[in-house]
Every structure is written in structure tokens, then in C-alpha cells.
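The listed protein sequences derive, respectively, from chains V and Y.
In case it helps, the numbering used here puts the first sequence at residues 823 to 1146.
In case it helps, the numbering used here puts the second sequence at residues 823 to 1146.
Hints were generated in silico from the structure; no laboratory data involved.
Treat the hints with care, since some could be wrong.
No distinction is drawn between identical chains; accordingly, a pair holds when it is met within one copy or between any pair of copies.
To be verified - Derived pair list, reagent style EDC-like, types lysine to aspartate or glutamate, alpha-carbon separation capped at 20 Å:
| # | residue 1 | residue 2 |
| --- | --- | --- |
| 1 | K834 | E921 |
| 2 | K1113 | E1054 |
| 3 | K834 | E914 |
| 4 | K1113 | E1041 |
| 5 | K1101 | E914 |
2 protein chains.
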Amino acid sequence: MMTDLIEHLFAKAFDNELLGQMGDATEITLAGMDGNRIAFTTDSFVVSPLFFPGGDIGELAVYGTVNDLAMRGAQPLYLSAGFILEEGLPMETLGRIVESMAFACRRAGVMIAAGDTKVVERGHGDGIYINTSGIGIIPAGIRIGPANARPGDAVLVSGTIGDHGIAILSVREGLTFETQIQSDTAPLNGLVNEMLQTTPDIHCLRDATRGGLASVLNELASASATGIEFDETVVPIRPEVKAACEMFGLDPFYIANEGKLVAIVPGEVANDALLAMRKHPLGLNAAIIGKVVADHPGRVTARTTIGGRRVVDVPAGELLPRIC
Amino acid sequence: MMTDLIEHLFAKAFDNELLGQMGDATEITLAGMDGNRIAFTTDSFVVSPLFFPGGDIGELAVYGTVNDLAMRGAQPLYLSAGFILEEGLPMETLGRIVESMAFACRRAGVMIAAGDTKVVERGHGDGIYINTSGIGIIPAGIRIGPANARPGDAVLVSGTIGDHGIAILSVREGLTFETQIQSDTAPLNGLVNEMLQTTPDIHCLRDATRGGLASVLNELASASATGIEFDETVVPIRPEVKAACEMFGLDPFYIANEGKLVAIVPGEVANDALLAMRKHPLGLNAAIIGKVVADHPGRVTARTTIGGRRVVDVPAGELLPRIC
Chain V
823 MMTDLIEHLF AKAFDNELLG QMGDATEITL AGMDGNRIAF TTDSFVVSPL
873 FFPGGDIGEL AVYGTVNDLA MRGAQPLYLS AGFILEEGLP METLGRIVES
923 MAFACRRAGV MIAAGDTKVV ERGHGDGIYI NTSGIGIIPA GIRIGPANAR
973 PGDAVLVSGT IGDHGIAILS VREGLTFETQ IQSDTAPLNG LVNEMLQTTP
1023 DIHCLRDATR GGLASVLNEL ASASATGIEF DETVVPIRPE VKAACEMFGL
1073 DPFYIANEGK LVAIVPGEVA NDALLAMRKH PLGLNAAIIG KVVADHPGRV
1123 TARTTIGGRR VVDVPAGELL PRIC
Chain Y
823 MMTDLIEHLF AKAFDNELLG QMGDATEITL AGMDGNRIAF TTDSFVVSPL
873 FFPGGDIGEL AVYGTVNDLA MRGAQPLYLS AGFILEEGLP METLGRIVES
923 MAFACRRAGV MIAAGDTKVV ERGHGDGIYI NTSGIGIIPA GIRIGPANAR
973 PGDAVLVSGT IGDHGIAILS VREGLTFETQ IQSDTAPLNG LVNEMLQTTP
1023 DIHCLRDATR GGLASVLNEL ASASATGIEF DETVVPIRPE VKAACEMFGL
1073 DPFYIANEGK LVAIVPGEVA NDALLAMRKH PLGLNAAIIG KVVADHPGRV
1123 TARTTIGGRR VVDVPAGELL PRIC
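Isolated chain V, as found in the complex (with noise of 0.2 Å):
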């Protein structure tokens, strides 16, 4: 409720055109230059704790807003990082923050080319918050938005859900599992570029983060008006994941990815899609999950594993506080 709140705060008093795109990124047309458009975005990252299976909040804040660029099919090329630091942070510590940032902007071929730091007192922070946002560049032909989905259009993931949030509650809940769950955070550009050298007319992309797959596919069918129906049994999910869910009653729609797109497609060029997503290392578990139908408008439906379908919702609040 206090998040509608919120919405509804910030809509009424930034109202604008740029604002109610509801993408990842936002898509601007800068004068004088050509027409070319940039995109552009932001995101703070408050996540616990900061060191995780798989990742830091170093490299999530460097792929979140790397992510939230590609999900325009925009080149990601700047980001800014602001940090609020907690006094008393170890050096140590900001220094290996820092240096894994430092990896992963070169690993998403993107520069840091803005700072700023404050320092809060004890018991006003949390150790560090970072702030990125980015600029990137969009092809120009590309026409991505949460908007396009069509009837007829195919549904893809581009691998296994829920690992993010699950690698979290199990440090945070002291979980040990024999395979232990890593975190999925990677950099989607370059996965992106090869699905547009294939498929250049991909109708949407999403990066599956807070609110997992179940709130991007009801975001998506909300924007184009259009229906969702996917079949449940077909979403790639690792046993233990699925295994974690059950223990902590969870439902893996609902749980957080760091490192996995959702793509609409028009349904003749699915399989194309799905075969450019499997050449990158970050597709190999791609699969199509479901269409885009006419039916139902802003709702999103699911085959599940004993042959009915039933409705998948938006989730009730955040389920997993600070995962991001």
C-alpha cells in the first residue's frame, strides 16, 4: 500500500511524458543531435547483506543499471556511482566494493564517469548505499518498450528464476544447501546484442528483478493491454531453487533475478530468438514460456504442472525486503 502511496505521490508531482514510459530506462531524444536517442536510468542499492553468493553490492549496482540500459536495447556506455557511506565502514571493505565494481564495468564494457561520496554518522546508514545511473545509446531502428507486446507474439526467458533471491535469504537465514545457490548478477548488453543481430523486431524486454518473473509479465501485459499465459511446467528453475521455495513457502514467480531478461517476441521469429539467447553463456538455459493472447487484457495466466491455469497476480507488497 505505502508503495501505491508513493506511486501515486511521485506521478502527481513529476508528471511528464519521459516518466509515464515505464520502462527500465528512459528513452530521450536529445535536441541538436541528430535525432539519435539515449536512454537513460537510475537505481540505488541497499541490498543485505552486502556480500553474497555470487556477488556484492558492487557488481549489482554496476549490472542493475547496465541492465535497466539494455532493456531498452540501448548500448550502455556511463554510469555515475554516488555512495552513502555508514562512518565506521571498514576500508577494507569499500575498497573491495569498489574493486568489484571496478570488474564489473569492464566486464559490461561500460566507464564510470561521475562520483560523489557522503559519509552519514553511525546508526544512520547501513555500512554503504550506492546510486548508479547510466546513459546508453539506442540503435536507431530499435523500437523496445513495455508497451509493444502484440497477439500472437511469443513469451522468453532467458534462464533458471529465482536465484538471486534465493542465494540472499539463504545468508540471511544462515541456510546451508549441499550445492550452495549463487546469485545470477551478470551484465544482459551483451546477451541483448546478440538476440538484436538475430531478431532486431524484439517487441519487449525486462530484466526480472524485484517482484520476480510474475510482476514483469504483469507489468508487460498491463502496458500493451494485452493478455499473458505461460505454462508453468516449461520455466526453467534449478532443483534447489525450487527446493529453497517450498522450505520458505515461497513462490518462485515472485522471487527476484539479477542476470535473466524476459522477451516478447512476434511469434515467428521465437525460435530465432530462443537459438541467439542459447549461443550466449548467459542463454544457455533460455526457453519459451508462452504467448501474448488477446484475451484477458492486463492479465497474466498460468498453465500449471497438474494441467489447470490459474490467474498470476501482481504480488502483494515486496516479499523479500533489500534484495537489491
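Assemble the complex: chain V is given as a structure, and chain Y must be docked to it using the hints.
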């Protein structure tokens, strides 16, 4: 010392020619955009208290980033806003801050184009922290940068100094003066436009925020490898700010401003620049306060009230924490 350590850490990890510019905003030439340049900057705001005489964290967050862009001669266009909210922050407080940001955007002529909100538990924040990043376009022909000061140039300041820092300090200390000291928080892009129309050949611009006038002059002297001499008797200071500084034992030259800039222009156009500044409401008290010299490169000296000359050093650490 911690600041030095952090800067060293960041410089080592993120070393690139863009961060090396050391300006308020970074100048970027985007590929495929006809050689046009954009300015990009980021700033986090952790000011305490959230509301103070003359402004609040919302206005500060907008103007701070607008001013960083304006200091590159850029036309500020788009801002992002990243909020870190502490659980329990009254919605009414958030509402006031957001309204204030919206007002500030209208005043500065910019648009919030991207946003993000994170919530942290009670005791892990301080009500609200705001990050704003900004994009502006640098008009052709404008070459403003901290390294551009040349011997013979004149040094100007756009108005009274120390207002913001003393306004914040007064609230914190619960002091009242006969005249309440107001923060000077304001968008400087209009003033810069006025100046550029008369004097397109501005060499350096810098808003005198954290560390005040003394820090800015030292940064410019250092970046340009020139000396700067100013006359402390001609620097505009409100009598009540001067009185407060005496009471607290503070040097007004080190006190933060949030709506004042330092300009360095060729000596022969100093008067034109001064007149242009005085034509704008935010430059009514502008003054020529000194000059750039070939002597003592990297050093700043002041002619004192008793006719002597003293070295004005960089401040040793942050005088007032959480001033912005």
C-alpha cells in the same frame, strides 16, 4: 584523511580520462552524435535537518545537480531521482519534499526523467536520502573547465558567501538571530546563461558548495597550475553571517554555499561579466574579488583586512558534516 583515502581508492579503481576531468560535471562526446557534447553528473543529498530556513533537501537535490551541469556551461535538461526512504518516514514529509522537488524542477527548467525508490528499515537511514543525476547539453563553442584559468584572468563571485552553511548550523544549534539567515539554495543555470551571452569565453565556473569559496579557489588554482590572489575585504558577506562565523569561530571562506558561483574570465572582459551577473536576480551582489597570477602555482592567497597577505589553504577535512 579518510577523504584522501577514499579518493585514492576510487581514482585507482575507476581511473579513466573522464573522471580525470575533475569538474562538477563530466563532459562526454557521444559517438554518432555529430560531435555534440553532453554533461553528466551525480550527487547524493544527506542534509540534516531535512527542512531548513530557505529550503529543504528536495530543492537542494534538484539545484545541486542543475548547478553542477551549469558549471560546465551545459543547458541542464534531464534529472534522475533515487530515493532511499527509512521506514516510518511520514508520508506527509515525503509529500512536502516531492512537491518541493517538482517546484525546483519547474524553476530550473528541468525534467525528472527516471526514478527509483528503496526502503530501508528503521534505524538504517535518516528519513530520506536523495540521489540526483543529471544530463545537459553543452552548446558548441563553450569551453569551461577547472584547468582553464590563465594568469591575467579575473576572479568573480556571484554574491554573498556562507549563507547556506550558517543557515543549517543555526538550525542545528537552535540559534536565532535578529534576522534569520536563509540558505541561498538556487538554480544557477539562468545566471550562467546571462553571463554566457555577454562573455562566451568564460574560463572556469564552479559553485562554492562543500568547503566553500576557499576550497573552490584552491581546486581551480591546482587544476590550472596557476596562483590565485583575492582581496578578502571585497568578498560579499552578510553582516549576520559574519557575526555568526565569529561566534562559532568559523572562517566564512570555508562555509558551504548552494547558490553561489565562482567565475574566472579573461581580465579584459571582467567588467562585462560583472555587469551581466548583476543583471540577474541571483547575481545582484556579484563582485570581482581577485585575479589569476603566474606566481605560486596551485596556491591561493588573500589580502587581509589589515593590509597583509595570507595563504588560504584547503580545509583540513569536512568542517560541517551533512551540509548537503
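Status of E914 relative to K834 across identical chains (alpha carbons, at most 20 Å): between (43 Å within a copy, 14 Å between copies)
Homomeric proximity label, K834 with E921: Cα distance no greater than 20 Å: between (40 Å within a copy, 9 Å between copies)
Within, between, both or neither: K1101, E914 at alpha-carbon 20 Å: neither (38 Å within a copy, 51 Å between copies)
Intra- versus inter-subunit Cα pairing at 20 Å for K1113 with E1041: Classified as within; 15 Å inside a copy, 58 Å across copies.
Homo-oligomer pair classification [E1054, K1113; C-alpha up to 20 Å]: Result: close within a single copy only, 12 Å intra versus 72 Å inter.
Hint violations for this structure: number 5 only, all remaining hints satisfied.
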